[in-house]
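Protein sequence lines correspond, in order, to chains A and B. Positions 37 to 146 (my numbering) are the ones given, in order, by the first sequence. Positions 534 to 648 (my numbering) are the ones given, in order, by the second sequence.
Hint data in this document are derived by calculation from the structure and do not stem from the laboratory. Where a beta carbon is used, it is the ideal one built from N, C-alpha and C, also for glycine. Take the hints with a grain of salt, since some may be wrong.
Below, simulated EDC-like cross-link-like pairs (lysine to aspartate or glutamate); rule was C-alpha separation at most 20 Å, straight line [said to hold, decoys possible]:
| hint | chain 1 | residue 1 | chain 2 | residue 2 |
| --- | --- | --- | --- | --- |
| 1 | B | LYS590 | B | GLU547 |
| 2 | B | LYS590 | A | ASP38 |
| 3 | A | LYS96 | A | ASP38 |
| 4 | B | LYS550 | B | GLU618 |
| 5 | A | LYS88 | A | GLU112 |
| 6 | A | LYS133 | B | ASP589 |
| 7 | A | LYS96 | A | GLU112 |
| 8 | B | LYS548 | B | GLU618 |
| 9 | A | LYS133 | A | ASP38 |
| 10 | A | LYS145 | A | GLU51 |
| 11 | A | LYS88 | B | GLU601 |
| 12 | A | LYS96 | B | GLU636 |
| 13 | A | LYS104 | A | GLU78 |
| 14 | A | LYS145 | A | GLU44 |
| 15 | A | LYS133 | B | ASP630 |
| 16 | A | LYS104 | A | ASP38 |
| 17 | A | LYS92 | B | GLU636 |
| 18 | A | LYS88 | B | ASP630 |
| 19 | B | LYS544 | A | GLU78 |
| 20 | A | LYS133 | B | ASP551 |
| 21 | B | LYS590 | B | GLU577 |
| 22 | A | LYS133 | B | GLU618 |
| 23 | B | LYS544 | B | ASP557 |
| 24 | B | LYS544 | B | GLU618 |
| 25 | A | LYS113 | B | ASP557 |
| 26 | A | LYS113 | A | ASP90 |
| 27 | A | LYS145 | A | GLU112 |
Partial list, derived from the structure: chain A residues whose beta carbon lies under 8 Å from chain B [to be verified]:
| hint | residue |
| --- | --- |
| 28 | LEU80 |
| 29 | LEU83 |
| 30 | ARG103 |
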Amino acid sequence: GDSVTQMEGPVTLSEEAFLTINCTYTATGYPSLFWYVQYPGEGLQLLLKATKADDKGSNKGFEATYRKETTSFHLEKGSVQVSDSAVYFCALGRGNKLVFGAGTILRVKS
Amino acid sequence: GAGVSQSPSNKVTEKGKDVELRCDPISGHTALYWYRQSLGQGLEFLIYFQGNSAPDKSGLPSDRFSAERTGGSVSTLTIQRTQQEDSAVYLCASRPDRTNTGELFFGEGSRLTVL
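Next comes chain A alone, as it looks inside the complex (with noise of 0.2 Å):
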């Protein structure tokens, strides 16, 4: 079935770092990918997605580009802040469902 697998955390950088978080997919067809942002106390929130092959997502920095030749959705951010500090789910969507990976969890320190 589908799946999403995302690099284990926490991740720990220091402000204006860069960011890389890691998200691989098997899926059958062409789904669309997504990365949600969990900020503390809040739900679960949209922060970019691609919906084919070599399209890029971008949002508030971040970007992700949809390969399919690796079938990967890497999450990147040139320049961290605190305020990112987060957890990162990467899903794919196929149908009517959304298949979320576990999250990776993200803490920025100044």
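Following the hints, complete the assembly by docking chain B onto the known chain A.
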């Protein structure tokens, strides 16, 4: 309110008791989802409602779990004879359309602790 509302935010119960968790989706959203978030694990799909169609119950872990959606709006997730392994955060989300490219809007969740 404008967002997805869930209640209660926290529930502590004793093993064997029944619990009900409520979700108020965003007005006009036809799709409603329940997920379960356990420590160290991803979000586990439980059930999906779309308009007046029969719900997709394929994610419900046992027959102790059930859900209904009245009038295409409010949904209640019921867990009967709770077990300790049911302890988790139960998340509700809604979406305005049928496509898999649409954004899910999540509530803040109901944290269930079974003693």
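Hint compliance check: list the failing hint numbers for this structure, sorted ascending. Structure breaks hints 1, 3, 11, 13, 20, 22, 25, 29, 30.
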